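J.: Chains as they are written, first to last, in this note's numbering: chain A, 922 to 1349; chain B, 922 to 1349.
If you are wondering where the hints come from, they were derived from the structure by calculation, not from laboratory data. Incorrect hints may have been included.
Copies of the same chain are indistinguishable here, so a pair counts whether it falls within one copy or spans any two.
Cross-link-like lysine-lysine pairs, in silico, DSS-like; alpha carbons within 27 Å at most [said to hold, decoys possible]:
1. 1342 x 1301
2. 1101 x 1301
3. 1337 x 1301
4. 1305 x 1337
5. 1342 x 1101
All figures in this text were calculated on a predicted structure; none of them were measured in a lab.
Protein chains: 2
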Amino acid sequence: MTTQIEQARTGGRPTTEMVQAVEHEPLDPAALCRLVAEGRAVVLTNTARRPAGACAIGTGLRTKVNANIGTSHDYADPARELRKLAIAENAGADTVMDLSTGGDIAAIRRTIIEHARIPVGTVPIYSAGADAVARGQTVTDMTADDMLRAVRSHVADGVTFVTVHCGVTRSVIRTLDSGKRICGIVSRGGTFLAQWIRRTGQENPLFERFDELIGIAREFDATLSLGDGLRPGCLADSMDAAQVHELMVLGELRDRAFAAGVQVIIEGPGHVPIGQIEAQVKLEKELCHGAPFYVLGPLVTDVAPGYDHITSAIGGAIAAAAGADFLCYVTPAEHLSLPDDEQVRQGVVAARIAAHAGDLGKGLPGAADWDAEMSRLRRKRDWKGQLLRCLDPTVARAVREHGRPADEEVCSMCGKYCVFKLADEGGK
Amino acid sequence: MTTQIEQARTGGRPTTEMVQAVEHEPLDPAALCRLVAEGRAVVLTNTARRPAGACAIGTGLRTKVNANIGTSHDYADPARELRKLAIAENAGADTVMDLSTGGDIAAIRRTIIEHARIPVGTVPIYSAGADAVARGQTVTDMTADDMLRAVRSHVADGVTFVTVHCGVTRSVIRTLDSGKRICGIVSRGGTFLAQWIRRTGQENPLFERFDELIGIAREFDATLSLGDGLRPGCLADSMDAAQVHELMVLGELRDRAFAAGVQVIIEGPGHVPIGQIEAQVKLEKELCHGAPFYVLGPLVTDVAPGYDHITSAIGGAIAAAAGADFLCYVTPAEHLSLPDDEQVRQGVVAARIAAHAGDLGKGLPGAADWDAEMSRLRRKRDWKGQLLRCLDPTVARAVREHGRPADEEVCSMCGKYCVFKLADEGGK
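For reference, chain A alone in the conformation it holds in the complex:
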């Protein structure tokens, strides 16, 4: 069998997945096919279990939104996570990542994949670490084989993209140690690996045995999401030598995977001051040769726990406008607790706002049509139309009903002084 990239490279004929993936995109299958051949876009798929909804991520495509779900030690109920999956899908998430670390992780993953209508991603090292803990060991007792086995097992289950923190190398950790971070490493996978390396003295198996990872991804035509284990955990730590060093390593690994016909996306921060966001996106595009950039946030301030869906919507919109392709949502619970249903919903909506604002900034063909349509409905005081076509009809309707006007033609803020009503009555 050949992968999406190989098919794109050799025949130039779009795959079934590509045709499906551009259904709601401003480009045609042939254009997506060229972008995949160049490694500037990926099509999330898996030959073991093709996801119900195809999704392509990268240049020329709508900015996508991922919602993280999954159990923790404190909240290990699979039913709760299935509910979050449905909420994320209904709120418009393009992908979900199952980041479960509590309960029967393998069973939960399989259930989520089974129920998901959108592509599912995971971080295999979480389950490898948790398995070690379940055996009464610690996270750093994982073997290199455990790590590779976890990746294979996730991908064989039908996961379409796996986060692998291949860039947390001994050399990158030396760079980290020579710096002065406030928060050190804040990626869980990055922490597992850094501690494993420190304890064993050996090189990161996900780096050293990268060809095996390529082999697993090739076998199932899955996508490698090269994780940023050294992403900054606060503004002060942003864009330091450790972060940039890791990104350079990821750029080299991207080239190897790409050459082998395996799709790659690159993960990025995190916590970034507003003035550095564009530079970070440009740097990724340069060092990783145009590979799709998948950012977590970025959060533009550290001071607003409880509102990190907003701090990350600010950063996400700027990142997307600068060329980031894929936004991982952040919920209001970030830094405080595992999100509940409503927080998942809020996180998806905030990230979708950021993604759309970013698409407008990118000049994505057709993106402004939605805004123009909403504006025409607003001008006509077509409330039914506005409440039907807006990003979240349920919430918009509830807000309007809550502050109900006496006159149905206007809203309760301006009432008879509604500028559109005045214009209609007074001419212009």
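Put chain B on the given structure of chain A with help from the hints.
T.: Leaving out everything else, chain B in the frame of chain A:
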């Protein structure tokens, strides 16, 4: 008596208000004094009734946040607006504007000024228009004298800054008419004046009799906030000839007021695509010779009613980072209804996040210290400290309690896999 500007110009000695205003600012009274003398900062005050809390706005100062409160036809209860005033103050608003258009507008204004601990602004033409309607006439039956009288009456009550839509001139309206906006005029004051001009054929009294406005502001040392009656009401209308033409007029008027020793701020949009925000800020700073820029939002998409506190936090952060000085909050109720207490609170918090992110982007001295402090507390897993020092302790505490962890040392998302706990236990 002499105004803040005159005192700054002649003696170069900071006024009492300046000394008070820099208490929580990264500059000293002498520096503020120089900025006021150059018209690049204003100190909100009123000799009839000096506000309890002094507030300076402009270059070198923290980005400020205004909360709009006030009655409408549908919700005309003064008690409700006093409650919103207290909520806005407690949530950290730097100023409030009373935009009442329902009930006994003058009485409500006076009550708000009496209770406010922060400077109060208003839009006098609202009450002039509402008075005409109360007399059984229409808004366009206001006389020129009515408009000027309203301004004097508001300022004499102790309002520190008044929005006056002086730039909606006959010539600017011709420019508007030659364009093709979707939403036309969306400023209420702008609509009142445009319709008045169309009906009477006369020039905008706030433009033609601008010297009288200067006189009123001088008399009470109040600040003129030159309103953008032609601000775009949707992304498609942004930065058109009409908007820029009005801004050019405001730049000229700013020079006249400044020469007469009257403080001026310039109001800006509105709805602006993410890629135009920086250009709009630079344009204002250029055309208005460094006058403080007061933006409403800007909203970066038209499609998300119910979430315009988020769409505007994105735009506000970018605007502030580019040099905007003063953000008018937008609540989740925008475009749908008059905001209630909780929506006011959410609006203030979202705008404060944007303002702080903008201050980081501006490189405001000391702004990053707060983030660094929060990050050190986070690294130490000092939950008490984090919940005390964050932007909204009440909400952050509630989110943490709602998703309570079994182990108080961590949060319920990562639990025993908390990266900081692992680092403390595993070294680094």
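J.: Taking the hints in turn, state whether each one holds.
T.: Against the structure, the hints:
Taking the closest pair of Cα atoms, residue 1342 and residue 1301 come within 27 Å of each other only inside a single copy of the chain (9 Å); across copies the shortest separation is 57 Å, beyond that limit. In this assembly of identical chains, residue 1101 and residue 1301 lie within 27 Å of each other by CA distance solely across copies; the values are 15 Å between and 57 Å within a copy. Taking identical chains as interchangeable, the C-alpha atoms of residue 1337 and residue 1301 lie at most 27 Å apart only when both belong to the same chain, with a minimum of 15 Å there against 55 Å between chains. When the C-alpha separation of residue 1305 and residue 1337 is checked against a cutoff of 27 Å, the pair qualifies only within one copy, where the shortest distance is 19 Å, while the shortest distance between copies is 49 Å.
For the homomeric pair residue 1342 and residue 1101, the shortest alpha-carbon distance between copies (19 Å) is at most 27 Å, but the shortest distance inside one copy (60 Å) is not.
Checked against the numbered hints above, the structure breaks none of them.
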